[in-house]
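Protein chains in written order, with the working numbering: chain A, 1 to 769; chain B, 1 to 293; chain C, 1 to 158.
Honestly, the hints are just simulated from the structure, not real lab data. A few of these clues could be false.
[Unchecked claim] In silico lysine to aspartate or glutamate, EDC-like type, Cα no more than 20 Å apart, as pairs: (1) Lys-4/C with Glu-602/A; (2) Lys-4/C with Asp-111/A; (3) Lys-147/C with Glu-104/A; (4) Lys-147/C with Asp-701/A; (5) Lys-493/A with Glu-96/C; (6) Lys-4/C with Glu-638/A; (7) Lys-4/C with Asp-53/B; (8) Lys-4/C with Asp-164/B; (9) Lys-147/C with Glu-638/A.
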Amino acid sequence: MNWIGRSLPRIEDPALLRGQGGFTADLAAGALRVSFLRSPLACGRILGIEAPEGVTVYTLAEMGDIRPIRPRLFRPDYVAVGQPVLAADRVHFSGQAVAMVVAETAAAAEDLAEQVFLDIEPEDPVIGLDAALAPDARPVHPEAPGNVLVEGQMRSPGLDAAFAAAAHVLEVDLRSGRQSAMPLEGRGGVARFDAATGRVTLHASVQMPQMLRTGIADTLGMREADLRVIAPDVGGGFGQKMSLFPEYPALVWLARHLRTDVAWIEDRRENFLAAAHGRDQAFTVRGAFDAEGRLLGLDADLRSDVGAFSCYPVTCGVEPLMAFAELPGPYRVPEYGVRSRGVATNSCMMAPYRGVSRPNLTLAMERLMERAASACGLAPEEIRRRNLVTAFPHRSPTGLVHDEGSYVAAMDLALEIADAPGFRARQQAARAEGRHLGLGLSVFSERAGYGTPAFAARAMEIVPGYETVECSMDPSGHVELRIGASPHGQGLKTSLGQLVADEMGLTPDRVRVISGDTDAVPYGWGTFASRSMVISGGACKRASAGIATRLRGVAARMLEVEPDSVTLENGTARSEASNRVLDIGEIARAAYHQSHRFPEAEGGLRQTASYDPAGTFSNACHIALVEVDIDTGQVVIERFFVVEDAGLLVNPMIVDGQIHGGVAQGIANALYEEVIYDADGNLLTASLADYLVPTLAEIPDIEIAHLETRTDASETRAKGVGEGGTIGAPAAVLNAINDALAPLGAAIERVPATPERIRAAIRAATGGT
Amino acid sequence: MKCAAFDYHRPADTAEMLARLAEHGPEARVLAGGQSLVPAMNFRLLRPAVLLDANALPGLDRVQADGDRLRIGALVRHAAFHLPVADGPLGRLLARTVPYIAHYPIRQRGTFGGSLAHADPAAEWCLIAVLLDAEVEMHSQRGVRSVPADGFFRASFTTDAAPDELLTEVRLPLLGNDWHVGFYEFARRAGDYALAMAGAALQIGRDGRITAARLALGSVAGRPLRLTTLEAGLRGELPGPDLLREVAAGAGALVEVSDDIHASAAYRRDLCGVVLERALRQALQSLPQDAAA
Amino acid sequence: MTEKRRIVLTVNGTEHAIAVEPRCTLADALREECRLTGTHLGCEHGVCGACTVLVDGAAVRACLMFAVQAEGRTVRTVEGLAEGDRMHPLQRAFQEHHGLQCGFCTPGFLMLAAGVLEETPDIDDAGLREALSSNLCRCTGYQNIVKAVRAAASEMRR
């Protein structure tokens, strides 16, 4: 029986469907409720905090000797800025936590917070990339006078020659609006103090529980052993819940200080104000092409607004350095020059958001390809065919090694299932009726499942990457997997169960996965960066293979055959050399309870394994078919196609679900969502009436086909798939819009491509109407 | 995002409600569907000291024809309008408009009267009220009065209702079958507050010429706007696509449009003509069907 | 003003006598007083729909209704959908069609769909899509939610 490759229903589902999930807010009963007082100003000096008599306000001053959150990169071009747990002298963005109050209920805590006056002397804030990089810009942090907190640069020796030799030099100036990952459940924590031991147990809605424990302990100067962090059911993360936010150490400090249970459940307004944002980038990319449309060189100036602080542990280098390393994407780029800067502003901190830089670098490269196609008189697919990587392994200009992929094949299949020729005919007919249809291609790779080598290349002080798994089988023949990954909606418990079941010849219902509890799982890095099935999956495969070997050894002795002849299948062990069939439970019980007979099972049926791969590249092609209403500027996506190559599919249903959700977030990026600050740094999009998350009405049917390139770069042969949808969709949509607008001579290089921006582009091109 | 504390009363009849309103005046708010009021309270943007729940008041949840008028009780929920509440063009116009109001669960709770009393410039019912010269009836201990919609809406979220007055009923003209109606709005997402919306009602004579026209724009300024100059220009004309396009093209220039993060004034001005033309086109589409009926 | 009122409401067939401040929303009362935490709060301003429950059969936002307004009324929440061990057709369809990932929006979608299908069992596809556009999901791109509700609708009509 092969469980891998089957769309098994998820074991996670029944509890969630019955309303029996345990999300952080569901665990807050009986705890005092904390309300954070947040700065109403983007920038200013704190003169005082005034509270009426009887209202206790907790500020940094009360907290004694605690450290700011200051993640580091060992790079000369990185400026490490520290974020205090509560702002003490100055505020750096609107929404920054300044103080805390505590009450019996959330409403009462908010009542108290309203009575406290934060006396802050306003200073001129630095808002937006252009303002921050202006020559006379005021520094957000004195230690970074030009507001550049991190910078990556390289220039290959032949770049100038490539541009000099070019038949066509094309430039794309791409701007992306700021986005919020907007998990439907906000952040939150419940910190319970155990008077007997002095330990605190923090249930928190996070993606990296072990990292959170380290971060909180370091910040508060406490022993990690005195803190247990549990990620219970988590209502979506998408990167936003990776970082150590100041609210968490503040909460743990308060539980220890008051020696009682305290809870903070973030509301939606706070989530928009003070949880992380992403995507606020401006990419200027020049491409040198020869007369046949072959890319000779790429020269890029990449600017990323990183907000006021640096996110822990991955730092504010995450967006700029990812852009620096991965801009060439799936294309052959013989000569490469790049300058990529992370720029501080008085706005909410940036942190990883599903895709990290790659939605924007894919937008830049795919717009560049379209421009080059048009300059060279080639079809969009033809220019790509001439530039896509076809020989593997491929080493990129920044030294990334692409394992075997299907870049051209994925595009060809996508064009086929989207019936591109049929669409072109419809498009012509529609144009005759004054309707504007467009087709947009997006070809990209998704670097996934990368371990410490990739993170170490960024010179991080804290280098994430490996995963460790503790696998054990109990005497009844049931398996426990204790994993360092921390799934929160990905269905990982189901798919790891399938993986392990195949390795051990069991049914998946015999496998229980334990995650997210620092008291119960090995040190690991959590779930992010399209890594869990590759890395945690690889470790699970190794660990379960170890137990399978022991089981075969015990069974061989019981059957009196050679271990190599024993097969584990359907919960049994059998051998051609014997007609006895052993139930796994029988073997396990013997291994534990007759251990004196079975030296191969010494120490029990348990195996720990780690996996730390260099990484793999998934790839995909997206095609969007759109219609643009040129009177209103509204875009309707008629159909959306994805050809995905994520290697081996462990649970195809779950993989498709990842693609669906990713594409929807990419469409949101392309058309709808934008976090907007005014010139004073006030957040104008602090509600879901102003921050436009698409509903079903805005998301078309997403049609998916798969290629399954087998890779040696992944132990399980699965490649990552968590981010691809989000990475590819914006470029497909923006290219489709530009295709629709082409007859008008209009072009748009900005996301979200709002109706108003599209109308402005049409007006600019047509001089009025 | 928990709202500030308030006192709550649920009067059993109108007399008690009016007494409470007289007692608490400006510090009280009437709670009908609560679909706009409660979000504002949860953000603590509104913090009434007293909430007077109108939902138990008898007799305010009926829609009935009365002579040439349709009487809509203040507590009639939006969802009641999906199926035409009256024969002819009025029922059709209301049924064409209601799907644009927010989403299904909001329409289960939100009320017609509450929408007018809230006076959100982006509210569809406020536009319809102005388009059709609705009469808005208000009760207080001082008596009963009706004001025309045009006088009722003063500015954004501001009406003619005094703090002690309760909006009880809205009356709309039951348009005859020679009226042709259309509604169109443009929003970023389905169910969002519109960036611009338009209502149109054209009365067509036996000779095929327009005998009367009503045009209004919503969501572009602090209150819905009637386009009386354009209406006058339509009278006596034969309706046709060119005429409608021409009339609509002038709409944007006639109004002072507002400016916010969702649409600049210039873009909104553009949209005025687009939504008006589309509302007019919809009105004309019913022409043959009406002729047949 | 912060004095509590005693109210009685019926939730999933069980009478709950609770004491709440007037400002306590139905959602908070269900979660904190009735200890039914399946009803989730995603925005508290009526947009996301995670708190959708049925009040006297109508799908409404529990964050936009005060608990005192539900006095004497009948409320159904996600905890009341299944009959014992047997899941509701909507719950089964959501699992079968992968209509949930993180599961946070799921109770709201289930109750929305239950309200819509009980009101209009033979709802057409356009009507169903329109109704399901009332709530937000951040994980699924809505693809499998629509599939699941369609499947459940046809099973419920049988």
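Hint check results:
no.	hint	result
1	Lys-4/C with Glu-602/A	violated (63 Å)
2	Lys-4/C with Asp-111/A	holds (16 Å)
3	Lys-147/C with Glu-104/A	violated (43 Å)
4	Lys-147/C with Asp-701/A	holds (11 Å)
5	Lys-493/A with Glu-96/C	holds (16 Å)
6	Lys-4/C with Glu-638/A	violated (53 Å)
7	Lys-4/C with Asp-53/B	holds (17 Å)
8	Lys-4/C with Asp-164/B	violated (27 Å)
9	Lys-147/C with Glu-638/A	holds (18 Å)
Checked against the numbered hints listed earlier, the structure breaks hints 1, 3, 6, 8; every other hint is satisfied.
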